[in-house]
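These two chains come separately, so use the hints to put the complex back together.
The listed protein sequences correspond, in order, to chains A and B.
All residue numbers for the first sequence refer to this note's numbering, where the first residue is 4 and numbers rise by one.
All residue numbers for the second sequence refer to this note's numbering, where the first residue is 33 and numbers rise by one.
FYI, nobody ran anything at the bench for these hints, they're computed from the structure.
Treat each hint with caution, since some may be false.
Just so you have them, the derived chain B footprint on chain A, three or more residues with Cβ under 8 Å [to be verified]: (1) 549 to 562; (2) 642 to 649; (3) 693 to 704.
Below, simulated DSBU-like cross-link-like pairs (lysine-lysine); rule was C-alpha separation at most 35 Å, straight line [claimed, not checked]: (4) A:683 - A:703; (5) A:72 - A:161; (6) A:516 - A:532; (7) B:297 - B:283; (8) A:647 - B:80; (9) A:691 - B:352; (10) A:683 - B:283; (11) A:703 - B:80; (12) B:80 - B:352; (13) A:352 - B:80; (14) A:361 - A:708; (15) A:647 - B:283; (16) A:161 - A:123; (17) A:361 - B:283; (18) B:297 - A:361; (19) B:283 - A:664; (20) B:80 - A:697; (21) A:703 - B:283; (22) A:683 - B:80.
This structure is a prediction, so every number in the text was calculated from the model and none was measured.
Note that beta-carbon positions come from the ideal geometry of N, C-alpha and C, so glycine has one too.
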Amino acid sequence: MTYHDRSMCGQINAAHVGREVVLAGWVDALRDHGEVLFIHLRDTSGIVQVVFGPESTDRAVCERAGLLKNEFCVRLTGTVVRRAEGTENPHIPTGDVEVAAVALTIISRSKTPPFPISEKSMLADAALQRNESVAEDLRLQYRYLDLRRPSMQDHLIKRHAIARAIRNFLDEQGFIEVETPMLTRSTPEGARDYIVPSRHYPKTFYALPQSPQLFKQLLMVAGMERYYQIVRCFRDEDLRPNRQPEFTQLDLEASFIDEEFIYRLFEELAVRMFAVGGIALPRPFPRMTWTDAMNTAGNDRPDLRFGMTFIDATDIFTDTRYAIFKQILERGGCIKGINVKGQSPILSKNILQNEYAKEIVPGFGARGMTWMRVTDEGLESNIVQFFSKNEQQAIIERFGAQNTDVILMIADPSWHLVCSALGQLRLHLADRLDLIPKDVFHPLWVTDFPLFEATDTGVTSSHHPFTMPDRTDFDPADMDALLALKSRAYDLVVNGEELGGGSIRINDSELQKKIFSALGLADDDVAEKFGFFVRALEYGAPPHGGMALGLDRVVAMILSAPSIREVIAFPKNRSAFCPLTQAPAPVSREQLAELALLDMGGAAPLPGSPQQEQDPIDFLSWVARIGIADTERETIRAAVAQAKDLAARAGEQAATNNGTKNAPLYSVLPTANRFRPGTKAEIYALSKNGDLLKNAPAVKGGYFKVASVLE
Amino acid sequence: MTTDLLAYRPATPLQEAATGPLAGKTILVRPDLCVAGWLTDAGSQALKDFHAFTDAAIVTRLKAAGASFAGSTRMAELGFGVNGDAMARALSANHAHIGLMTDTMGEARVAACCAGCFGFKPSYGLISRSGLIGLAPSMECVGVLAGDLSDIASVLGVMAGPDENDFSMSNDPPPDFLNPVPSAKTTLRIGVPRECRDRLGPSGAAAFAAALDAMAGAGIEIIEVNLPGFDLFPVVHQIVAAVEASSAAGKYDGVRYGFRAESAKNWNEMYIKSRAEAFGIRIKAFLFQGAYFQFQDYPAFENACALRRRLVNETDDLFKQVDMLALPARHEDPDPYRAETVGDTYAAFGLTLAANVAGLPALHIPGLSRHAAMDFGLQLIGPRMADVSVLAAGLNLSTHIQGVSST
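Looking at chain B on its own, in the form it has when it is part of the complex (with noise of 0.2 Å):
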């Protein structure tokens, strides 16, 4: 059953244990996570009509939990970008609690900034990806959704720890979410970017100031800092991600599953129409960049790549002056639901790439960043695998914030 929000609607919403820590809890995914049964085509043509034989790794916690599943939303092809993604809608329309989106370039960020809730993603490599069909794997992460922080602190602590099935995860036992342990630190000391702060318009800039100020009220110490290569994120995303997307894409043949164009003559023809008529235009687009690079420019990944651990290296060094960094969510323009091109793409996602590149926790905290009518989004991020701080941090902010508007 689909609706224009959602691409599969169990008929009757998955009823787990009615035990566990996620009782009661509705969770809303996407048809790139596998749900045994469900469509599962990642809004591609690529994966037309795929039904996932099994649960992923998470989905199984998450049902052991005590989890039900509501359905799964509409998305953009393969996962890039946002255009087509129907979660906010879904999750403002309350289909569910709580919502899981892959977030690659920072759509789990973007999508809750869209719908005025949380979003969070988590450490690279804290959360199975066994069961996500994922386009960028250095990249990508499972975020989390929710309008409470405590929800999205639960659902880490069922998902979050090893499972031999993901080959890049951390090896080290998950972080307690549940019972954090509190922060000695009395003073929360917050970096924001100069050159970031020079790279936003006018709206933004006023909307983000007026966020810094909030968290200044809220006891929090602000303090500008140097990021010399806040630019090069994006270069090295998109450089990083079409490469691993255009090999990750390569199993689409039609053959196993997916689409199969008609009447091909030989097997490369084959291969050639049925990939020609799977692809929508601005995915098509994202793999002739990975080709490009793949097939006649290999350097530029490895430049790529070491500009990567360059700015790896300098974020590191920031998170030794300072406890996190604001950055906000999203520039006003493009669009990241219109993006119609990849550069458009690229160009909506250039706030939130930065903690893809670097494997960061980001939480997106709504309200903070008014401009007029529209919420520009506050992220909070921290160093690796400090996803436990960066939640709670978040927490402390928005109870005071709260706190101090309803006073």
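With the rest of the complex left out, here is chain A (with noise of 0.2 Å):
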């Protein structure tokens, strides 16, 4: 069999009618008549409907086509034939034409595929067909299924049409494109790392690079001048939702540069990104520091697409009587707040005081929220008569506040937490009131961020110790002076999403030891950690500085898709779990021995060495979800062991009963599913009135509450 002159489906149209052409793919959908077998024929570029009729096709070929079922793989030869009138299908783009069966060979056969592949309906008014409800996991499990689908298809073919036009665009600048390895040593992005032990060098490890941070600073050391990758990362965090243990940036160096060629580059990178989308990237992107970040928006990370932008409001209750904006204020605190447009139709008392001052904005830890709703006559609060009529009208002004609008502000002696809690709120209420636009995107450049945060015993670095300060002179001993500086690094956010971010770096070496100082790591410690790196800043390394964009996300904001794994060809679930592989697995004690690692286990039992006999009374507490009390063990060690006792004599006398057991008698009578026809399926009355919720520990909102599924 040969396919030199394969036809691809997708491709037949009206000028191929009266054409033989052959075909290949994959059995999308049936519909059998009788007489008469329609098949839709899928291959990578779309669908055409193949026909079985006793008109074309000789009666073996479709007896053979009888056998077909949804997913075989076949090749088929057949004649290209305009559809009659009225029959043309809409939802496929070959929909004018069909393909009359020739000849047909079954070239493998498909088991019943776990969920539904086709995407396309057969018949002009049918509505297209979904594939939302699968379960994840099991769309995961058979991976190499779901990307049959065309919407999973075209995800990976615009990804590539997305790399493409980055790799086009950093070539026509100059950037050539550099591996870096993937056995290295920890470096310090915060997160933990995967290791991989060596069998080489006994007990010890490499790492799997969280980024290629210090290797790309490396080869600008080196002379490269221009150097970009897209390469895959490693982070070891805590599980999120839509993260992944394993991810794909474009990581990006250049030297000789300052931030604005960043900008300018990064700037027409993303349009041309977003254009493989159909989306048009309003330019220039503004900018903004961080610091009005924060009193704008309370977040590093502005979503911009709405308004309810913060208005300070700390000025207008420098002399109030109101005792708790007293006290916060002379702790040195503010008082920020927002005007909601228009909703307090939406927003009743019961709603602000109950619901967002009592349990919402405490959730984003805020003592309390202040809110007022505007009417004609004025301001309408629980607590608007501690505030004097002149405070009242500058709130009014301040906030342009007029009928139906409802102001709420938040005040504590923190600034960061204000600005915090106020930013949650802000984006709570525009999701609840559905205040945020479709279809707009609003780039943004946030600038000057801190060099430093505080921490309980010093300063931690707030992207990582490599980043150049907006100043030089500081002294690394003073923590206030420390906390004040800048650093000069970036981040390009679009729609309240960061989608990457980078800095302009240290190139000198005195400066980088000053910052390592500052951070509280001891000469040794950067010696053995850094010292490679360090060193190579003594030999003229160029200033320079770099940007890393995190792929899987700005994929799956070009292509609208709900999460980054809809984006991935093979991605770990939510619980970084492959079930595909089903890995990570356990490996084998021998692969452990080799590596050395059988006698590395310190505290933690490894696996299959005798320690990993777990304590059976801790694997049935696990299973049963029954805690035990240090005081409660024995007893419950006891139970245990009796409970095997008895397991071992009813074995035993179940098994000499004349050599043969008795079948399992499980109730002295039958049990009944008490299903009850004629019996409407209906809410149960006492759900529908709340009163299930009357004895429930925790209630949340008409709900059940619970603690969290994730971390």
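Okay, structure coming up:
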């Protein structure tokens, strides 16, 4: 069998009418009309209808076609014919024509797929089929079938087109792609490393890169000047729904450049990437300092697709009699608010007080929230009587308040907390009130981040320790001076999501050492972890900087995919597990022995070792979800030992009954499914009136409240 | 309102219709049977502050028959044994005429023995358990305690009968408890399993011998029989009930009702911590045994169920030789009211488990099986669904004895 003369299904059109074609692909769908059998044949280019009927097809071929089922892989020959008027299918581009089959080869058969793959209806008047209800783990387990779906293939094809747009553009700009190692040593990106044991150097480990940060800087020292790489990175972080243990980033670094170079380069690059998805990003990309971002939206990745930006009201209350505000201001605090325009009909007193002030806002970390509804008579609130006429008037003017507006304010001694809580509140309201416009893209550069953040014991890098500060004349021992430093870092934010970030780097070994000293790293610690890198900076390192873009996230945004797993061919699930290959999986003792890992366990039991025999009590405690106090342990252990004895006794006695066992008797009366025919399914009355919640230990908003499923 | 005997007492006892067969009769329940609005925590933190939404099916029937509900007595956690159960004391203190008490291992009969009254465990599947918070569904029945056998018959007459909300019930019409058809038999033949007699201590054996003499004196024919599987009833009961309890207690997750531990970081921790604190150590040990059979040795459960069929066949065969069996209700030691461990609890109920395993009706008759100051109790156990005959035999026997003793 040959395929050199094969045509692509999706490309058959009216111009081919009368021609004989060879097609190969998968049976997407079948429709059997007795005499005549229609199939949708699918290959990567699309779908074409093939008809097996007595007029055009031999009886033997028709009989073979009768064996076809969904997802059989076939090769066939046929003649392109125009469809009879009124039978065209508008759902597929080839819907005006069909192929009258002449020959058919079943190349390979398919079991019934675990979920439907076809997305195109064979009937003009039927709705398009969707596949959203299939459990994601099942899709991932049979990913090779999931990827047969045209919408999933389209994701991968578009992803390829985006990567090609990146490579074309960067090639135009004189960047070259260089690969950096996957087996390397731990770099300080802040997350946990995936480690790989070395057989040649027993008890030592490679780390998979969290990013090629140090290698790309070394390439700059090496004089490559313009480097990029589309590279896999690995971070062993806590589970989040939209996070993968390995992800792809566009990593880029250039020498003899400044921030403006990066802004221009990435603006053009982003515009070209989004254009693949038919999205025209508005230019130029605005910029905002980190401080402004916090003061505007309470977030270092502000979503500016909608308003409700913060208004500072601190000065209005300088002389207030309202005790809570007064105390906060005496402690150097601030008061900020937002104006939710025209929403007082929806945001009732009850919702504002009982939902937002009591439940939602405390969940954002704030102690409270002040709310005011604006009416024609002025402000209306549970505490408005504590504010003077002047204060009330000033609020109305400052917030530009009009009838039906709702003003929400948060006050706290901590500026950070005010911004963060109000920012979360802003997003919560925008989501609830549906204020975020669809199909709008709002790119933004956020700049001037703080270089350091305070910790209990000193400072830590906000970004990473190779970021260039805005000034170099600081004293590494002066905490206040360190916390006042800004970094020459920048983030590219679109619609409230950080797509990437980078910075101008330190290229001076003395400055780099000063930063390490500010971070409290001892000299020998630096020498051990970063000695090779600091040494490189001593050999004429050029000024340089760069950026990294999370490719999975960008592609998902461009394609409006609900998660990054939809744009990755073989992703892990939400729990960082691969249902297809069942990774991660245990390894044999022999493998561990070869790697000299068997005696490295310390306190933790190793796979396959005798210590792995977990205390059976703890296993039962886990499967039964019943915890044991230390004082109960011996009693439980004795009970389980007794259960073992009983099991032995039952086994012995059941077997000695004339050598044959009786059939088990589970109950002296049969149990019955008490289906009650004739009764209609309806919502239980106690559920409808909310009584079912009355016995619950924790309730929130008409639901049982539980601990979070993921941390 | 609560007292040391009562977990819940309504401000005024529920006075229902003044007419009906149970008008004027007061009933005590336990907090494992739903009475609308009453605290129904089955003696466990796992159901902390749970108030029943609706009446259990049998409570509805009893109310309609004119009965009053006087309160619910304290009980052992989730009804496992009688350690902590106050039904016997509450009936002795005349809190009500009648007590309803779940009989899973023999609790109702043992409590009746302690209270010195009649205690009846009906055939499995005769009384609806819809609205009962049970522990071991294939073993448990609602038992009835009363000083007067006619009260027991009246209550059963009202309660018995199919209920589509109980998944395991006989669909046959219930027997007529109030107007039983008199037996044509002139002599009642009662079997005494030799294996059981061999297990009695000296005091228990003496007491039982006295009871057998009394029965013989009442014209009953006593026949020694063999029940080779007698020692297996506890094995089967414990394995099956532990598995069923572990499964039934799975619903106590602290979400919809009951106790919730503070500050769990995630879903699993919420379950583990809440259930760690919700269950007392005795029931917890039992649930771990169930989890052991479920998750580590499932064949043991199947073996136990195979043995259960053998035991049911053995008892069925015995009822071809005799009309009923007689057994004491309890041993001297361990005291069921003081059993602290799962093992002690099973040892204390060793003589009552058979009726639960085989689903048989069993009546405890007070006062016939005494030695020194102690009543060891006497059970009459009949074939399945022979509840009326067992009650009639009990009535004849006690009438005769009273007649004898009063002359």
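Problem - Unmet hints by their number, sorted upward, for this structure - result: 1, 9 and 12
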